[in-house]
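Novice: Given the structure of chain A, go ahead and fit chains B, C and D onto it with the hints provided.
Chain by chain, the residues:
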Amino acid sequence: MNKVYHTLKTIFLLGWSIFVVFPFLWALTTSFKDANAITSGATYIPWVDFEPSSQGWTSLFTTGSQGINIIGPFIDSAVVTLIASLVSLILGTLAAYGLSRFEYRLGFVKNSDITFFFISQRIMPPIVLAIPFFLMLKELGALDTIFGLVLVYIALLLPIAVWVMTDFFSGIPKELDEMAMTDGCSPIGAFFRVILPNSVPGLVVAGMFCLIFGWNDFFFAFTLTFTETQLLPVSIVSLNSSVTPWWSLSAFALISVAPLACVAVIVERYMSRGTMSGAIR
Amino acid sequence: MAKIVLENLGHSYLADPKGEHDFALKPVNLTWQDGKTYALLGPSGCGKTTMLNIISGLVAPSHGRLLFDGKDVTNIPTSERNIAQVFQFPVIYSTKTVRQNLAFPLECRGVSPSRIRQRVAEVATLLDLDYALDMPARKLSADQKQLISLGRGLVREDVSAILLDEPLTVIDPQMKFMLRRKLREINRQTGVTMILVTHDQSEAMSFADEIVVMKDGLLQQSGTPEELFSRPQNDFVGYFIGSPPMNMINLDVRQGTLATDALSLTQPSPSESNALLYQLGIRPEHISLVDQTAENVGVGTIKKIEHLGVDGIVTLELAANVVIKAKTRKHTAMSVGTTMGINVCQDDALLYLDGRLAT
Amino acid sequence: MLQIDHLTTADAKVTLDDVSFVFEAGKIYTILGRTGAGKTELLRALMGLNPLTVGTVKLDEEDITERPIRARNMSLVYQQFINYPHLSVLDNVAFPLRRQGKDKAEAHALAGQMLTTVGLGEFLQRRPAQLSGGQQQRVALARAMVKQSRILMLDEPLANLDYKLREQLREEFPRLVADNVESVILYTTTEPREAMELGNTMIVMHDGRVIASGAPADLFAHPPTKDTASVISDPPISFISGFVRDNCLYFSEGHLAPSEGLLLPADGPVTIALRPDAIEPDGAFNAQIGLSEFSGSQTIIHLDFDFGRAIMMVDGIEAFTAGNDISVSIRSEHIMLFAPDGGNITLRNNQNG
Amino acid sequence: MLSSKHFFLLPALLTLVAIILFPLLFTVRVSFSSWDVFQSGLDFIGGSNYVRVFEDQRFWQSLQRLSLLSIISVSLQYTLGFALALAVWKQVRGGRLMRVLFLIPMMTTPVVMSVIWRTVFHESLGPVNDILSAFGVGPVPWLSSATGAFISVLIVEVWQWTPFMFLLLLAGLVSLPKEPYLAAAIDGAGTWRTFWQVTFPLMAPITIGALIIRLIEASKIMDTVYVLTSGGPGTATETSSYYIYIRGLRDFQIGYSAALSLVYLVIMIISLTIIAKLLLRMLVGKDE
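Residue numbers (the working numbering), protein chains in the order written: chain A, 465 to 745; chain B, 2 to 360; chain C, 4 to 356; chain D, 5 to 292.
Next comes chain A alone, as it looks inside the complex:
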């Protein structure tokens, strides 16, 4: 019985692992193919099934009509994601701390309602906001700019930061800030001197979620930028809709998902330590 269970478990884990890596392996092998290797049907192993070519990779760094420049979109993506994540994290952390420690009242609106207002933004389908965003940015002259996207992404990421950090702060005993205040700190001083230095795990988790959702957004980048500013997901989709150079496409895809795939290592560490459970209501 135990043996059967163990075998089933191993098969399941193995099967899932293959499912997970399959698209990556396929992309990797495809990225070394040329037009011949692709049109002759599915092949897998370089040198055995097909003659590898590096054109998929080199084309990404060539400018001009033949090349697809990946560096520009990569930098744009990084800048937009990092700035938006950072701003969201700062504003979100402050708000979450306030909501977890003070009582706010505005007519019938209480703390829980404000928290809900923040978090409920995640329910908002992007499409509901896309058109007004478009018009608003146009009004501001921020269409097709990094600034415009950052603004939109803050709206996208702020709820995530507030959500994770509210739960994190509710796990830090209130007595800690009270003690800081009796020791002579102002409420703001207590936050910066005592709470913030003890919030690293929460900040890391919140920051990672911001990066993930920021870096991986496609829709807003797609509707609010055109030529001047181009993020990775948009460039790859435009590549997809033109002629289909699968080799470049695959190499491009691998490069664009690589940075965040590395984040998985950090996420795993926090998850195993149990520091993450606070981040889930």
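Quick caveat, the hints were computed from the structure, so don't treat them as lab data.
In this text, all values refer to a predicted model and were calculated from it rather than measured experimentally.
Among the clues, some could well be false.
Said to hold, decoys possible - If we take Cβ atoms under 10 Å as the criterion, some of the chain D residues that face chain A in the derived model are:
| no. | residue |
| --- | --- |
| 1 | His-10 |
| 2 | Leu-14 |
| 3 | Pro-27 |
| 4 | Leu-107 |
| 5 | Ser-118 |
| 6 | Thr-151 |
| 7 | Trp-163 |
| 8 | Leu-171 |
| 9 | Val-178 |
| 10 | Tyr-185 |
| 11 | Leu-186 |
| 12 | Lys-224 |
| 13 | Met-226 |
| 14 | Ser-244 |
| 15 | Ser-261 |
| 16 | Ile-278 |
The C-beta atom is built at its ideal place from N, Cα and C for all residues, glycine as well.
Specialist: Just chains B, C and D now, kept in the frame of chain A:
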């Protein structure tokens, strides 16, 4: 029901223990009789939890054997050991009613529904939980939840022992007293062996027929509360059992006897002893304070009087700067600064050589 | 001098109900009460952590009710061992000094001294998490004391410690706070023995109110109400509802209670309180032994009388087998009488008795 | 009276209100106008856009499709994610590596991976049909048949988001207390009973949280559909978001798409609230 024997049982969390220090539990030999109550007592990190985990089967001991009624259960999994356990924090099946909670261990063992009904009813009566049988278990108070945990052990007729792992920690102080009494009553009525793990000596004393005192993974003394109190085997037991701790007064070797300036109690110097430290141990409760007379074994000046309600603790300074404490009910009639006569029964003054009781 | 008038709170689970008191500097006040009696709430209200609906807090005649927490010159030690996790032990204790504007060297010197006093001189560079529970609480105590604040509050500081550690710290406590002669020291606890041992003055709280206060020994000998008697008795005091008829005291019909030396009230129902030391073996009353517990040098025996249950405490170790019958005497000089509404009505011929 | 507590909350609150609330109000206003390619500007045509929404079969069908897709995919993600979390929970050997590996898909950009999946599902040049043919199956019209396209979207969604469930559930599992398990062992409960009586109830709050979060995110699905099938073949994989996108940003019927998106938002909020309440009652037994 079973007799539990710990045979040279020890445990080290290291794969290759080098010396004494590497043992979380140094090998011990103990026999626990069926139907009695026992307490494992000691400060945190003393090895009592390791011992409990070995008995419950959570930890496999690195050394020795564990026998239930002569049967070696050292490597048998928890589920087959016929033990039950109540934890520090109440553990209940939160989705079930009280009745379903109590029935669960029997259901798992495939007992017939009619028998289950009967057993659950019996145990519920025993625990005074009849009225709550159909309530969701999670709605009960902490002490009632602890009773449910206990009940899940009691419903099983084959249960050898119930382990209680600091079960009173999260109970309101007012309820502690009641729950402790309830546990004793259940032990008397059912005859199930109970083993309590605690750091609270008064809890251990009031609960157990026999107490196992531990420190640093080493068994210090095992015996009835009376024995531990009146004849502590070493200075640690003297300190740990009783509040305030036993007074320890240093003795000097004088012409073949052991004596001190503080008290006129002498002990014959034990022959062939090469001990470095001779001490007289006297319980604060065994010191009586009287008006000065010639028969006193000593005199002392009262330095401090602490009121503890019915009784009080009086701190006295004797000759040669020896400070002792005495427990008395007459503290309200005394005042700081006065000098009192001290009487101690010769039998209550115990001799310790290097911290060990000289027999 | 700290004076509080009519402190009343709403909102919180346990509310304060019109609490007034005057505290003097240099004394230790122990606040005794069961869980939920309002002890913690009182400290928090003094601190400014719980908003008041009514009431004023005055420190040396100056009204500080509205003063922000950081300017109140108070310190608090919590029941949970709360320290700054990210700071070393030394920096923990130096933290309040730095906030007072002392330079780093001076703050460290003072903090180091204080840590030596509490016995942690060798752990200055450790993080609180690397210390045992007792040591962590010593850090918290050092941090609270180093400021020499006017009001030092300790909220059940020993409740989460092992029995023996508790005993040890209780013993050391008076020495540790000896330097804080300028401070009002407030110490809450649920344990009557601790409250009596440590307090110059004991304040008994119940249901958000102060129900009694005074020197521990006096309060214990003459509790003004039934609630007070029950809160400050450990082992518990036993109450039996009896009555007075024709200047005789009865436990129940047919069971006359001893009353020599007592001035009895008018005929009617009365609550008779028996302290564990009021009952002694051998005498005219028969009871069944319900349970016998051994505690230190005493044996605590639960007795079932025909007219109710009571607890007897006997010095020494004696075997009392549960289930057996026993005869006991009840000493009238340890009897207290309470009106059915809870007020003390004990009057004695000889008040010293 | 700007006290320090406002220092914490106001920046974030004002930012969010500025960025979200005005566009939302604007959308409400636009939904009462006939703004389109031919007539841009805010006129007022009353509720006729809303009347049109209720008569728009294509919208209601897309909503049905979306419900089906989210419920199936989230259920699969939850079941698989829980199974994976349980399987690696106590795995020591290679456990760490597997955990990292299982997390990677949720870190990748959905559209980018969809581009890769398109090549994987390619009918003649993709590896899936190639491998299936080795077993004598196929060729399966993955992206060109209605069922095939639906299943493809489902597979991609499961691949992408099972890791998210895995992450939340495993984080929950590692923080569970040990005692209940020992108690269950003592009571003689086997693996199956222990799971249903101990693990599952203890995980109920996390289960609810995880399901709700995923349902919210799944209801917004559009990137994957856009790249993988463009809603096709026909409208076989057209979700509500995608349909509204077509109306608004492709056909440029701004007024009408605003009405569509508001109706959609209201339906989303109502149904998610109901689902959350139902889950809470089913799993935790709370009666409020």
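Novice: Are any of the numbered hints broken by this structure? If so, which, sorted upward?
Specialist: Per hint list: 6, 10, 11 and 16 violated.
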